[in-house]
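Peer 1: For chain A, the structure is supplied; the task is to place chain B with the ligands on it using the hints.
One-letter residues, chain by chain:
2 protein chains.
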Amino acid sequence: MKPIIKQQFSVTYRYDIHFTAGLFTPENPLLGRFFSERLEDAVPKLLVVLDEGVAKHHPILAERIHDYFRDKPAVDLIGEIMIVPGGELIKNSRENVDRIIEAVDRHGIDRHSYIMAIGGGAVLDAVGYASAIAHRGIRHIRVPTTVLAQNDSGMGVKNGINYSGKKNFVGTFSPPVAVFNDNLFLLTLNDRAWASGISEAVKVALIKDAAFFEWIEAHADRLRRRDSDVMDYLIFRCAELHLQHIAGADPFEFGSSRPLDFGHWSAHKLEQLSGFEVLHGEAVAIGIALDTVYSAITDRLHPGDAQRVLTLFQKLGLPIFHPLLEGNGTTHPLLTGLEEFREHLGGRLTIMLLQGIGRGVEVHELDKERVLRAAAALQEGVNLVS
Amino acid sequence: MKPIIKQQFSVTYRYDIHFTAGLFTPENPLLGRFFSERLEDAVPKLLVVLDEGVAKHHPILAERIHDYFRDKPAVDLIGEIMIVPGGELIKNSRENVDRIIEAVDRHGIDRHSYIMAIGGGAVLDAVGYASAIAHRGIRHIRVPTTVLAQNDSGMGVKNGINYSGKKNFVGTFSPPVAVFNDNLFLLTLNDRAWASGISEAVKVALIKDAAFFEWIEAHADRLRRRDSDVMDYLIFRCAELHLQHIAGADPFEFGSSRPLDFGHWSAHKLEQLSGFEVLHGEAVAIGIALDTVYSAITDRLHPGDAQRVLTLFQKLGLPIFHPLLEGNGTTHPLLTGLEEFREHLGGRLTIMLLQGIGRGVEVHELDKERVLRAAAALQEGVNLVS
Ligand SMILES: NC(=O)c1ccc[n+]([C@@H]2O[C@H](COP(=O)([O-])OP(=O)(O)OC[C@H]3O[C@@H](n4cnc5c(N)ncnc54)[C@H](O)[C@@H]3O)[C@@H](O)[C@H]2O)c1
Ligand SMILES: NC(=O)c1ccc[n+]([C@@H]2O[C@H](COP(=O)([O-])OP(=O)(O)OC[C@H]3O[C@@H](n4cnc5c(N)ncnc54)[C@H](O)[C@@H]3O)[C@@H](O)[C@H]2O)c1
Ligand SMILES: [Zn+2]
Ligand SMILES: [Zn+2]
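Those protein sequences? They're chains A and B, same order as listed. Quick note: the first sequence, position 167, residue 167 per full-length UniProt numbering, numbers continuous. Quick note: the second sequence, position 103, residue 103 per full-length UniProt numbering, numbers continuous.
Honestly, I wouldn't trust all of these hints.
[Stated by the list, open to error] Each computed DSSO-like pair below joins lysine-lysine, with the alpha-carbon atoms no more than 30 Å apart: (1) K6/A x K45/B; (2) K6/A x K158/A; (3) K158/A x K158/B; (4) K45/B x K166/B; (5) K45/A x K56/A; (6) K72/B x K6/B; (7) K6/A x K72/B; (8) K45/B x K167/A; (9) K45/A x K72/B; (10) K166/A x K158/B; (11) K208/B x K56/B; (12) K368/B x K167/B; (13) K45/A x K368/B; (14) K368/A x K208/A; (15) K6/B x K72/A; (16) K56/A x K72/A; (17) K158/A x K167/B; (18) K45/A x K72/A; (19) K368/B x K6/A; (20) K158/A x K166/B; (21) K45/B x K72/B; (22) K45/B x K158/A; (23) K158/A x K368/B; (24) K45/A x K6/B; (25) K166/B x K6/A; (26) K167/A x K368/B; (27) K6/B x K166/A; (28) K208/B x K45/A; (29) K45/A x K158/B; (30) K45/A x K158/A; (31) K6/B x K208/A; (32) K208/B x K368/B; (33) K208/A x K56/A; (34) K166/B x K368/A; (35) K158/B x K208/B; (36) K45/B x K56/B; (37) K56/A x K167/A; (38) K56/A x K158/A.
What the hints contain is simulated information worked out from the structure, not anything from laboratory work.
Chain A extracted, bound-state conformation (with noise of 0.2 Å):
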């Protein structure tokens, strides 16, 4: 007998992630070609999910859903469109997880069945957790709704929701089977929700691409101003840096290293600090004032390139502080939250900081009183480059 057998093999995985505008009106053949192409010998079943803020403003998608797949042989729509919360509160208690596992036995829905995602991130997060657990994996559809969820969460590989309020605590990594992308859906945010997803795709071009961040400084006026086709190419071009990322190295984070983390560490704290009430975006883009401020002070990044970043969050509408994340006395929220991600990460501690406008670099330490003296001047607005 030999004392060891040695096992090795690989997994890969295939989506294509589609832009479109209205996937549901009956002449847009994506979803129907998409079906018609997959058929194999059974009809496959499909749930479709759907996030609650979404059905309140688009009050006629339901049945729009139902007069599409109507004439669709090659796929079996389940007559009970699921409505579920929308936001943090999905992922705050199982209890939708739940209603989903419970649907997939009661419709018989099995692993060459279909769940589709109709939602903001956390609904994409929620439903995408029960479809990878339920018989070890259903294939998931994400139509994501929100700018943060179209040009970031929603061609990800993560799902999950939280528990005894510590953020996707319980989860998985599982790729979906497609992504549809529809620009319509964007019209019903409202302004804070349209701008804070614009903090990732910021964040994205500070890591790896300054023409972006220069694209970005040169249309912030139209972003704000919620100009459809400038948005468009955001959220292209955003989730084109994600997904070359995630198949670039280690889609599934077994090391340390999650350089699509920038900012990331304090925006965790800020949000749960507040409930939930600051948005992930709102506070991705005070992470990354945070860090890039940080980036300034120990000598890494001109200040001058730091201002840039302050100003284009401040042209875009986004917030760069937060009173939450002032220090009271005892312990500094951003000195708890710090260890907190740490010990999150496990094994060492890797934080993404600026060398430039389009270059991140990696660190394993950050200096705590340097840390507070950023979060001082961003909180009294100093001008960087004075």
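Peer 2: Chain B with the ligands in isolation, oriented as in the chain A frame:
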């Protein structure tokens, strides 16, 4: 804006299956070496979860584990060794999965920490599931303690728990980071548990390896008499064949073909009907007997070869029929089971049959009348070659 982005990437998994005796004896270097070779920047934590049935038969095991890790600086054993119910009980509610997730939270176990499960296939399935979803995946080590878990489920990539009476209704595909097969655990199994694990070896031999089948035939008496050397080889070869199969094609079962489920469609039904009184391996022996006789009745397999299979099970002390599979007038449990399996697979029904010893063949339909005829033959103990 281009209307589509095509995403593609692969995720590679590597893990070793170690064969040893006395994993936690002070002289055994395996586990110590495992952790010191993998040491990164921070010392990882290790949570051990132990099958209550194993703990009962190995009362000093917990103490030995503490002793073993006392002088291992490359890993930080968490003081609490968690005892969980053994057998199907642990899979029939999510209570114990919740307990593990709660422990992950309480002990600050992160994605670079380890959760080790020591136990039968049921405990490995439930602990593996908890490990896969907590923090989107904590490194999972398996120490299987039954024949079935050492030669089959322990090396696999599947985990899960049951849901409203349905086997493995929630779960994930997620490989362990290492498997340690310790043959001393097998000494405390009762004769039924010992014998039942052998049927998975017969299964994989029948569909893939005629020489291995002949080896099992030649060693059936010694297996029955619980000869450890013979069992060591049986487990090693069976594990090897399972691992090759998993690595060879479609490890996460995206398609419909599941050759390793030979004999399992009726086995699942029988386990369920018996409230899991019939052991998995016993049910599999019966399921294999059924599909073997069916293969003969449908002229795929020589009746003499079918008879060899039945004779082998009898020599090994394994059943080839169970009264719960008798018809009772209206719907026959086997026909119900077949429909449930079809639904479970989704898409196309795919069932493995035999066209020779060591040569499986997939079919997409079973003839109901001949399924019942095969069952009747087994019930009456008909001699196939007479
Ligand atoms: N999985 C990942 O990789 C990943 C990455 C980043 C963020 N996230 C998660 O995404 C979530 C945030 O997602 P989000 O920013 O998309 O917001 P959200 O999902 O929290 O939604 C915010 C609100 O907008 C509503 N809404 C959604 N679409 C709408 C539309 N078209 N019109 C009007 N209202 C609409 C929702 O009902 C909700 O009330 C967080 O839970 C975050 O953790 C996940
Ligand atoms: N994940 C997979 O790929 C896969 C494959 C096959 C089977 N399974 C699952 O495995 C389970 C069956 O596993 P099993 O056959 O190992 O039995 P088991 O886990 O059900 O255990 C049976 C009993 O034996 C006890 N036990 C375990 N080890 C012992 C030892 N060394 N000495 C004395 N008692 C011991 C347990 O406490 C339990 O009471 C089923 O739930 C089945 O679905 C999973
Ligand atoms: Zn983000
Ligand atoms: Zn089995």
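Peer 1: Are the hints correct? Go through all of them and say.
Peer 2: These are the hints, each one checked on the structure:
no.: 1; hint: K6/A x K45/B; result: 24 Å, holds
no.: 2; hint: K6/A x K158/A; result: 28 Å, holds
no.: 3; hint: K158/A x K158/B; result: 19 Å, holds
no.: 4; hint: K45/B x K166/B; result: 34 Å, violated
no.: 5; hint: K45/A x K56/A; result: 26 Å, holds
no.: 6; hint: K72/B x K6/B; result: 47 Å, violated
no.: 7; hint: K6/A x K72/B; result: 24 Å, holds
no.: 8; hint: K45/B x K167/A; result: 21 Å, holds
no.: 9; hint: K45/A x K72/B; result: 52 Å, violated
no.: 10; hint: K166/A x K158/B; result: 27 Å, holds
no.: 11; hint: K208/B x K56/B; result: 37 Å, violated
no.: 12; hint: K368/B x K167/B; result: 24 Å, holds
no.: 13; hint: K45/A x K368/B; result: 26 Å, holds
no.: 14; hint: K368/A x K208/A; result: 26 Å, holds
no.: 15; hint: K6/B x K72/A; result: 24 Å, holds
no.: 16; hint: K56/A x K72/A; result: 26 Å, holds
no.: 17; hint: K158/A x K167/B; result: 26 Å, holds
no.: 18; hint: K45/A x K72/A; result: 12 Å, holds
no.: 19; hint: K368/B x K6/A; result: 42 Å, violated
no.: 20; hint: K158/A x K166/B; result: 27 Å, holds
no.: 21; hint: K45/B x K72/B; result: 12 Å, holds
no.: 22; hint: K45/B x K158/A; result: 24 Å, holds
no.: 23; hint: K158/A x K368/B; result: 44 Å, violated
no.: 24; hint: K45/A x K6/B; result: 24 Å, holds
no.: 25; hint: K166/B x K6/A; result: 33 Å, violated
no.: 26; hint: K167/A x K368/B; result: 51 Å, violated
no.: 27; hint: K6/B x K166/A; result: 33 Å, violated
no.: 28; hint: K208/B x K45/A; result: 34 Å, violated
no.: 29; hint: K45/A x K158/B; result: 24 Å, holds
no.: 30; hint: K45/A x K158/A; result: 24 Å, holds
no.: 31; hint: K6/B x K208/A; result: 20 Å, holds
no.: 32; hint: K208/B x K368/B; result: 26 Å, holds
no.: 33; hint: K208/A x K56/A; result: 37 Å, violated
no.: 34; hint: K166/B x K368/A; result: 52 Å, violated
no.: 35; hint: K158/B x K208/B; result: 21 Å, holds
no.: 36; hint: K45/B x K56/B; result: 26 Å, holds
no.: 37; hint: K56/A x K167/A; result: 26 Å, holds
no.: 38; hint: K56/A x K158/A; result: 27 Å, holds
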